[in-house]
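Visitor: Could you build the full structure based on these sequences and the hints that come with them?
Chains as they are written, first to last, in the numbering used here: chain S, 1 to 307; chain F, 1 to 307.
Copies of the same chain are indistinguishable here, so a pair counts whether it falls within one copy or spans any two.
With a straight-line cut-off of 25 angstroms between C-alpha atoms, the simulated DMTMM-like cross-links for lysine to aspartate or glutamate are:
| no. | residue 1 | residue 2 |
| --- | --- | --- |
| 1 | 56 | 118 |
| 2 | 278 | 17 |
| 3 | 107 | 118 |
| 4 | 131 | 86 |
| 5 | 181 | 170 |
| 6 | 104 | 123 |
| 7 | 104 | 141 |
| 8 | 107 | 120 |
| 9 | 104 | 118 |
| 10 | 56 | 17 |
| 11 | 107 | 243 |
Hints were generated in silico from the structure; no laboratory data involved.
2 protein chains.
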Amino acid sequence: MSIKLTILGCHSATPRENAHPTAQYLEIKSRNFLIDCGEGTQTLLRRHQISFSKIKHIFISHLHGDHFFGLIGLIATFGLYNREHDLHIYGPKGLKEIILLQLKHSKSWTNYKLFFHELESRESELIYEDKKVEVHTLPLDHRIYTNGFLFKEKKGERKLNMEAVGSYPEIEVCDFHNLKKGKDFRSADGETTISNNELTFPPKKALSYAFCSDTAYKPELVPLLQGVDLLYHESTFLEDKKELASITKHTTAKDAANIASQANVSHLILGHFSNRYKDLDAFISEAQTIYKNCSLAETGKIFEIKS
Amino acid sequence: MSIKLTILGCHSATPRENAHPTAQYLEIKSRNFLIDCGEGTQTLLRRHQISFSKIKHIFISHLHGDHFFGLIGLIATFGLYNREHDLHIYGPKGLKEIILLQLKHSKSWTNYKLFFHELESRESELIYEDKKVEVHTLPLDHRIYTNGFLFKEKKGERKLNMEAVGSYPEIEVCDFHNLKKGKDFRSADGETTISNNELTFPPKKALSYAFCSDTAYKPELVPLLQGVDLLYHESTFLEDKKELASITKHTTAKDAANIASQANVSHLILGHFSNRYKDLDAFISEAQTIYKNCSLAETGKIFEIKS
Chain S
1 MSIKLTILGC HSATPRENAH PTAQYLEIKS RNFLIDCGEG TQTLLRRHQI SFSKIKHIFI
61 SHLHGDHFFG LIGLIATFGL YNREHDLHIY GPKGLKEIIL LQLKHSKSWT NYKLFFHELE
121 SRESELIYED KKVEVHTLPL DHRIYTNGFL FKEKKGERKL NMEAVGSYPE IEVCDFHNLK
181 KGKDFRSADG ETTISNNELT FPPKKALSYA FCSDTAYKPE LVPLLQGVDL LYHESTFLED
241 KKELASITKH TTAKDAANIA SQANVSHLIL GHFSNRYKDL DAFISEAQTI YKNCSLAETG
301 KIFEIKS
Chain F
1 MSIKLTILGC HSATPRENAH PTAQYLEIKS RNFLIDCGEG TQTLLRRHQI SFSKIKHIFI
61 SHLHGDHFFG LIGLIATFGL YNREHDLHIY GPKGLKEIIL LQLKHSKSWT NYKLFFHELE
121 SRESELIYED KKVEVHTLPL DHRIYTNGFL FKEKKGERKL NMEAVGSYPE IEVCDFHNLK
181 KGKDFRSADG ETTISNNELT FPPKKALSYA FCSDTAYKPE LVPLLQGVDL LYHESTFLED
241 KKELASITKH TTAKDAANIA SQANVSHLIL GHFSNRYKDL DAFISEAQTI YKNCSLAETG
301 KIFEIKS
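Guide: Here's what the structure looks like:
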């Protein structure tokens, strides 16, 4: 089990030469997800040699420009490259209208199929599921309707202990399926029972990644984030701008650390920095007064976790 | 009289690290115009230290993404910086709807006034005029409704020849206005007439800049471009892709040179290069078989003409 997260952009508000708005690329169980898509994202994808064609699902947190102004350009570029794969877009209601209006006026309808999964619930909901991965929304508290996203590997099957299995001639290949599912072995005549624990190893831990941007400090997120392996939480401001954070519905580094600490996450990534701060190390210093295991997001930085 | 043109982006289709879609910044008679606004334009404006607040008029040629996907981001950024000046946007019908829809969904209405001047005429028309400058559309032939723009300095007043004027005591200060306008001097009693040519110098030549992107080869433009001092004409392709140029309604370097030659322009700038070409010097070589005085557009390159 492994999760690989590439930070493309991690600053707030307006794009600058070396401060790109939010975009992340997540690899989880061979799925490739793009999370938010600020202006310039397609150029950053190229810079980090991320194949456009691998992206089949894009998750947009909210309709502030620094989180989605790059989406229409990416969709158009996919079209120019004769993409054939379907593209699924998950984001707030309104996004479909915005994209389709621009495609209509440019007469640039895509050859590939574009599916919009528009969100409007204020409760956490399952929005994507396949055999190996689930994605849930994390309702955030921002100036407009906003969701974070929780990406979870599904628990894998138990692994056969072939040495132990081999010592019981009555166990046949057709029994393996049930053993992997965690069931005890029972012989056909019902006379022999062998505990599953004796025959299998537990599966590797299913990993999870939570993306929370943008939001005011919201302790109600803690139960949803409990035990997450990797948490990206916005920290637009430091405590010196706590009032501004409150007015604009953003979080300070200290409060992001509070969330990470209360939710017992394994690692915290801070991001969505206001351009007013030149010394980003101050974000780490402030967060570490509460929670030690944290890092700064940075363009091109890769966070990889394995179990 | 002087015109200063800064090339921000000059490539076609998708933005890349070192190949930016169309955007230009024109300074003419202390007016500051932005022409087209591909994704990433605001970052390029910063790179070239062009003040956001000076831009009061934006001209958008057409609604293909590589010419306007950066506009919504620029409008949003102006808002974040508490712009107060009005902003006028000239572009095809549909642009207003696209911009307003995004501002609505992001709840990011601007504090400054936004005026849309939507275009739909297929004939050249005067779309901007003040005391010193005029802007006319140049109807182009592309896959969707597209205009180029002709920016013209207005002819200035004649300059008084003070030595000559001083030699006629009957000429008073209140006569200067008429002399500058080119009228002959006539004394109040009607007895004395002095030719204007004797009393004034001609005004400096009024300069003009024409922007033509994107378009198929369109000889009908020639009369509209006659004698222009500086012409930017798209040359997406070389002659090796003449058929593709025809299908996609673009122009080859050779045909751009044909337009420049037939219209007797003083200088031609080639741009809107397809990313398939790595050696852009080939565009100059091809164009110069027809028309010598030409240059390649290039990010950051400045073209300045004076009279």
